[in-house]
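Here the sequence shown is numbered in full-length UniProt numbering, starting from 1 and rising by one per residue.
It should be emphasised that the hints constitute simulated quantities derived from the structure, not laboratory data. Honestly, I wouldn't trust all of these hints.
In silico DSS-like links for lysine-lysine, alpha-carbon gap of 27 Å or less [claimed, not checked]:
#1 Lys111 to Lys56
#2 Lys67 to Lys77
#3 Lys91 to Lys67
#4 Lys56 to Lys91
Derived CB-CB ranges, DEER-like [as the list claims (entries may be wrong)]:
#5 His104 to Glu126: 35 to 45 Å
#6 Pro37 to Ser125: 38 to 48 Å
#7 Asn92 to His114: 26 to 36 Å
#8 Tyr74 to Gly122: 28 to 38 Å
#9 Thr55 to Val101: 15 to 25 Å
Glycine included, each C-beta is placed from N, C-alpha and C at the ideal position.
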Amino acid sequence: MMSTQVRGQAMTRGKPRDENDDVKAGLIVPMVGSVPPEVAEAKAILAAISWVQATKLPVNVLQTDCKSIVDKVYNAKCHNSVVNDIVLCIKNLLLFSPNLVIVHVPRELNKIAHVCARAGLGLDSERVWNGSLPSFVT
Numbered sequence: 001m002m003s004t005q006v007r008g009q010a011m012t013r014g015k016p017r018d019e020n021d022d023v024k025a026g027l028i029v030p031m032v033g034s035v036p037p038e039v040a041e042a043k044a045i046l047a048a049i050s051w052v053q054a055t056k057l058p059v060n061v062l063q064t065d066c067k068s069i070v071d072k073v074y075n076a077k078c079h080n081s082v083v084n085d086i087v088l089c090i091k092n093l094l095l096f097s098p099n100l101v102i103v104h105v106p107r108e109l110n111k112i113a114h115v116c117a118r119a120g121l122g123l124d125s126e127r128v129w130n131g132s133l134p135s136f137v138t
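Using the sequences and the hints given, assemble the complete structure.
Take a look at the structure:
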């Protein structure tokens, strides 16, 4: 599950799920600076894919509430936008994970990601968990 809110310090975080919609693990990565929300969303997706591939987690579905990024990833047309380079990196990473798909979920179904964003606002380094959700999420 992915989402990003930008308030002061931007965050990327990921909660990859498997085909049964079970949370596999979680990642919150602080990002220095202020960026447009669409850029933050794209960087969150890129970070999650990179992390899933590096850790070899058996993840098939990555959820985000940013429909515009999902549309750009699965559209063959070139986009002249500020996120084009990030979208291209996402597409290239997906080539190495043919079973991994990015899907859009409505924001109201993406509440855990927003809890992670709030929890991550004060972080100086990344926070990772595997298995059960940490207490600040539940």
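Structure-based check of all given hints:
Restraint check for Lys111 and Lys56: satisfied, since their Cα atoms lie roughly 26 Å apart, inside the 27 Å limit. Only pairs whose Cα atoms come within 27 Å are accepted, and Lys67 paired with Lys77 is accepted, the gap being roughly 16 Å. Using a Cα cut-off of 27 Å, the hinted pair Lys91 and Lys67 holds, with the two alpha carbons roughly 15 Å apart. Our distance criterion of 27 Å between C-alpha atoms is met by Lys56 and Lys91, whose separation comes to about 18 Å.
At about 25 Å, the beta-carbon gap between His104 and Glu126 misses the expected band of 35 to 45 Å. Taking 38 to 48 Å as the suggested C-beta distance range, the pair Pro37 and Ser125 does not conform, at roughly 23 Å. Checked against the hint of 26 to 36 Å, the C-beta distance between Asn92 and His114 comes to roughly 28 Å, which is consistent with it. At roughly 35 Å, the beta-carbon separation of Tyr74 and Gly122 lies within the given 28 to 38 Å, and the hint holds.
Between Thr55 and Val101 the C-beta distance comes to about 18 Å, which sits within the given range of 15 to 25 Å.
Of the hints listed earlier, those the structure fails to meet are numbers 5, 6, in rising order.
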